[in-house]
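Visitor: I would like the entire structure built from these sequences, with the hints used as guidance.
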Amino acid sequence: MESSVTKTARRKSPALAVFDFLASLKLATVLLLLLFVLTWLATLEQTVNGLRPMMLKYFNWKELFFFPEIGRPFNNTGEEQKVTVFFPMISGFWLCALFTLNLTLGGLVRIRKTARVVPVIVSHFSIVFLMVAAGVTHFMEERGALMVYEGETSNVAQDYHEQVIEVSEFANGAVSKVHLIEGKPLTSLKPDETRIFKMANLPFDLKVSNFIENAQPMPAMMQPPTQGQEVVDRFWLRDSGPMKETELHQAGCFVEVLSKEGQPVGEKIILASRSNYPATVSYEGRPYLINLRKKLWVLPFAVQLDEFRVERDPGTNRPATFESDVTRLDGGTREEVHIKMNEPMRREGYTFFQTNWGPQDEENPDRYYSVLEVVKNPADHWPLASLIVVMAGLCWQFGASLFRFMSKSKKEATS
Amino acid sequence: MKPAALLLLAALSLSSCRKSGDEVAVEETRPLSTMDESPKLNATSSERFLPPDLQQQMPEMPEAEGNWSYDLPAGWRDAGPRMMREINLAFGEGGEAYVSLSGGTLQDNVDRWYGQFGAEPQAVETLPRIEMLGGEAIVIEAQGTYSPGMGRPAKEGQALLGAMIVKDGRIATLKLTGPADEVASQREAFLQFAASLKQGE
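First to last, the sequence lines map onto chains U and W.
Be aware that the first sequence starts at 1054, since it is given in this note's numbering, and climbs by one per residue.
Be aware that the second sequence starts at 239, since it is given in this note's numbering, and climbs by one per residue.
A hint or two may mislead.
Residues from chain W that keep clear of chain U, each with C-beta distances beyond 12 Å, as calculated [claimed, not checked]:
{"no.": "1", "residue": "263"}
{"no.": "2", "residue": "281"}
{"no.": "3", "residue": "285"}
{"no.": "4", "residue": "308"}
{"no.": "5", "residue": "326"}
{"no.": "6", "residue": "349"}
{"no.": "7", "residue": "366"}
{"no.": "8", "residue": "394"}
{"no.": "9", "residue": "395"}
{"no.": "10", "residue": "422"}
Using 27 Å as the maximum straight-line C-alpha spacing, the simulated DSS-like pairs for lysine-lysine come out as follows [stated by the list, open to error]:
{"no.": "11", "chain 1": "U", "residue 1": "1347", "chain 2": "U", "residue 2": "1297"}
{"no.": "12", "chain 1": "U", "residue 1": "1260", "chain 2": "W", "residue 2": "393"}
{"no.": "13", "chain 1": "U", "residue 1": "1347", "chain 2": "W", "residue 2": "436"}
{"no.": "14", "chain 1": "W", "residue 1": "413", "chain 2": "U", "residue 2": "1260"}
{"no.": "15", "chain 1": "U", "residue 1": "1115", "chain 2": "U", "residue 2": "1243"}
{"no.": "16", "chain 1": "U", "residue 1": "1313", "chain 2": "U", "residue 2": "1243"}
{"no.": "17", "chain 1": "W", "residue 1": "278", "chain 2": "U", "residue 2": "1260"}
{"no.": "18", "chain 1": "U", "residue 1": "1347", "chain 2": "U", "residue 2": "1115"}
{"no.": "19", "chain 1": "U", "residue 1": "1313", "chain 2": "U", "residue 2": "1237"}
{"no.": "20", "chain 1": "W", "residue 1": "413", "chain 2": "U", "residue 2": "1230"}
{"no.": "21", "chain 1": "W", "residue 1": "413", "chain 2": "U", "residue 2": "1348"}
{"no.": "22", "chain 1": "W", "residue 1": "393", "chain 2": "U", "residue 2": "1251"}
{"no.": "23", "chain 1": "U", "residue 1": "1251", "chain 2": "W", "residue 2": "278"}
{"no.": "24", "chain 1": "U", "residue 1": "1230", "chain 2": "U", "residue 2": "1260"}
{"no.": "25", "chain 1": "U", "residue 1": "1243", "chain 2": "U", "residue 2": "1110"}
{"no.": "26", "chain 1": "U", "residue 1": "1313", "chain 2": "W", "residue 2": "405"}
Calculated directly from the structure, the hints in this document are not laboratory data.
C-beta atoms are modelled at their ideal positions from N, C-alpha and C, and glycine is treated no differently.
Guide: Here's what the structure looks like:
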């Protein structure tokens, strides 16, 4: 009888076994070690593939594992060579998700709840909160740049990566409506594929082909095509290849206007993000502008650049500090704001950081422009809150331990 | 546990696949912004893609890339230089004949020409051939409504008589278009012109 009771006590239900495994310290240790390896490999891969491609690969929630690539610095030509590590590294996204679950179950649910461990629970909670903030940032953060010249106003930021096609309609000589083809169905196109975009609210459709993620339109008369590339109106698209700094990519493609019956109604047009102006097409006597560019986000208010200042290190052209005086225009409201490095403007869920300026090749230009990085992230302040809470929890924990130690020593001394 | 793990793996692998259709419906618009003010209409490709200093150089460059020679058929006349055309001629009241160089493949260009007449595309291998530029050029013929593109209106009752050949990695084309009866009357002139056409001599 006694032995059967012991056996029953030892045999856990499968659900409890899974819970114990997910909440275990062993799993936490393994996950932290794997996160350490992931960070190390990510640092190595970043040098060969660039920061953003590495982040997209290492924290891709759609894949369970991947094969890292690192650079081999010493080869015959002296160039860095890409080497694939045939070790299936678990996706950082799933490692972080599992670690968050482990910390929640082990450090918040299963932990014995006594007064003494309250600071430990608080610290665990704040780390879980930090991981959640990272998840929200991963899925919801948007970053772009707002460029504005002194004396001018802008209410639009341009995404760093997403390339879109815009078709603008006209009424009374001004743009009246802008139709948007999002980036995903464009970037998923290979150079030899075509895709038809059925424009629901326009009298024509668009056929996109030869989409190149980083392209340069070349004048055929100055530089003829090198590999038989198609020339359209004296220009062709050169594939500039991927860059480590993917925010510098400027796409290019061919576009044909199709009737609703699918018949081409014009010659091919080259679209390129590296364009000074959009292409104009005429359909049924009405003009339309077609533009390939980085996606624009229209802000709920406008920013006017009143003055830009740059201070340089003595005797050099190197900027020591640079700052912008701007006026925020929101309907009838005007607000003067000073933006400088590490002192951003935070308004209505958007944060404006002073990030760049120009023209930088002239010492005293007639007019400066300022580039403000615009960030929209619902979890903007969550890491700060999390760190304050974890600091409070740890101070509480260490303070209580110190107090107990000192009380014990005093007691021992008096006895 | 093993089947469950396999199922999980299969589900994750499937979710990694990407599906892409050939057609995408677009309904999205974006609000107007300060960047939509004062747009430039009808910018040329040079204005769109070149910095101002290079734009000034473009018109100075010769339109033709090589020395072309040919026997001008009776009734044909020089129509003056035109962008993207190596030789630009006219005949009759509304016919034009021109030689140009383009990229892509023969089939791409054949498809484009047939597409301008709303005709079914045909394989290059099935097309008749004539002598042109020292080789065998394919001949393309179509009739109907001609949509030349580049904002020009479509015209009914038109015809196409053209030839194409790969020359030095590019596609050399001879294209006659115009009212169907005028193009039909120029068949002999077209063959004579194609046979006489030479480059670089």
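Visitor: Please go over all the hints and tell whether each is borne out by the structure.
Guide: Evaluated hints:
1. Once the 12 Å rule is applied to beta carbons, residue 263 of chain W is inconsistent with being away from chain U; the minimum gap is 5 Å.
2. Consistency note on residue 281 of chain W: stated as away from chain U, yet its beta-carbon is not over 12 Å from all of that chain's, at 4 Å minimum.
3. The Cβ of residue 285 of chain W does not lie farther than 12 Å from every Cβ of chain U; its closest approach is about 6 Å, which violates its non-interface assignment.
4. Here residue 308 of chain W stays apart from chain U, with its beta-carbon at least about 22 Å from theirs, past the 12 Å limit.
5. The beta carbon of residue 326 of chain W is kept farther than 12 Å from every beta carbon of chain U, the shortest such distance being approximately 15 Å.
6. Taking the minimum C-beta to C-beta distance to chain U, about 10 Å, the non-interface status of residue 349 of chain W is violated against the 12 Å cut.
7. Distance check for residue 366 of chain W against chain U: the nearest CB is about 25 Å away, which clears 12 Å, and the non-interface claim stands.
8. In this structure residue 394 of chain W is separated from chain U by more than 12 Å, as the shortest Cβ-Cβ distance comes to about 14 Å.
9. For residue 395 of chain W, the shortest C-beta to C-beta distance to chain U comes to about 17 Å, beyond the 12 Å cut-off, and the non-interface label holds.
10. Against chain U, the non-interface label of residue 422 of chain W holds: every CB pair exceeds 12 Å, the least being about 24 Å.
11. For the proposed pair residue 1347 of chain U and residue 1297 of chain U, the alpha carbon gap of about 18 Å is at most 27 Å, so the pair holds.
12. About 23 Å separates the Cα atoms of residue 1260 of chain U and residue 393 of chain W, which keeps this hinted pair within 27 Å; it holds.
13. Under the criterion of a C-alpha separation no larger than 27 Å, the hint pairing residue 1347 of chain U with residue 436 of chain W is inconsistent with the structure, at around 46 Å.
14. Simply put, residue 413 of chain W and residue 1260 of chain U have alpha-carbon atoms about 25 Å apart, close enough for the 27 Å limit, and the pair holds.
15. For the hint linking residue 1115 of chain U to residue 1243 of chain U, the alpha-carbon distance of about 20 Å falls within 27 Å, and the restraint holds.
16. This hinted pair checks out: residue 1313 of chain U and residue 1243 of chain U have alpha carbons roughly 24 Å apart, not beyond 27 Å.
17. The straight-line distance between the Cα atoms of residue 278 of chain W and residue 1260 of chain U is roughly 23 Å, inside the 27 Å bound, and the hint therefore holds.
18. Of the pairs offered as hints, the one joining residue 1347 of chain U and residue 1115 of chain U holds, with about 25 Å between alpha carbons and a cut-off of 27 Å not exceeded.
19. Only pairs whose Cα atoms come within 27 Å are accepted, and residue 1313 of chain U paired with residue 1237 of chain U is accepted, the gap being roughly 23 Å.
20. Among the hinted pairs, residue 413 of chain W with residue 1230 of chain U is inconsistent with the structure: their alpha-carbon atoms are about 39 Å apart, more than 27 Å.
21. At roughly 40 Å between alpha-carbon atoms, residue 413 of chain W and residue 1348 of chain U are farther apart than 27 Å, so this suggested pair is violated.
22. With a CA separation close to 25 Å, the supplied pair residue 393 of chain W and residue 1251 of chain U stays within the 27 Å bound.
23. Our distance criterion of 27 Å between C-alpha atoms is met by residue 1251 of chain U and residue 278 of chain W, whose separation comes to about 26 Å.
24. A hinted pair counts as satisfied when its Cα atoms are at most 27 Å apart, and residue 1230 of chain U with residue 1260 of chain U qualifies at roughly 20 Å.
25. A hinted pair counts as satisfied when its Cα atoms are at most 27 Å apart, and residue 1243 of chain U with residue 1110 of chain U qualifies at roughly 19 Å.
26. Distance hint between residue 1313 of chain U and residue 405 of chain W is unfulfilled; the C-alpha atoms sit about 36 Å from each other, more than 27 Å.
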